[in-house]
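Novice: Sequence:
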Amino acid sequence: MKTVSDHRTAAFGEAYGLLIKELRLLARAVMVIDKEGIIRYYQLVKEIGNEPDYEAVLAAVKKIG
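Residue numbers (our numbering): 1 to 65.
The set of hints was computed from the structure by calculation and includes no laboratory data. Small disclaimer: the values here were computed from a predicted structure and weren't measured. A couple of the hints might just be wrong.
Unchecked claim - Derived pair list, reagent style DSS-like, types lysine-lysine, alpha-carbon separation capped at 25 Å:
id, residue 1, residue 2
1, 63, 21
2, 46, 21
3, 2, 35
4, 21, 62
5, 46, 2
6, 2, 62
Starting from the given sequences, assemble the full structure and let the hints guide the process.
Specialist: Right under this line is the structure:
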């Protein structure tokens, strides 16, 4: 697992459509990326205060694992 910060440049947030410009924050999302760098699972959480569906994320990880 790798966590990242986009605080300084916001380049990641802009590239993936996650940047909330008014707040300069990223929307809450989870991506499962395989060894080749391909996004195999993507979950955008509708409300930033809500948690992702962790069971769905773990199932996606197990699928490519």
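Novice: Of the numbered hints stated previously, which ones are contradicted by the structure, given in increasing order?
Specialist: Of the numbered hints, 1, 4 do not hold.
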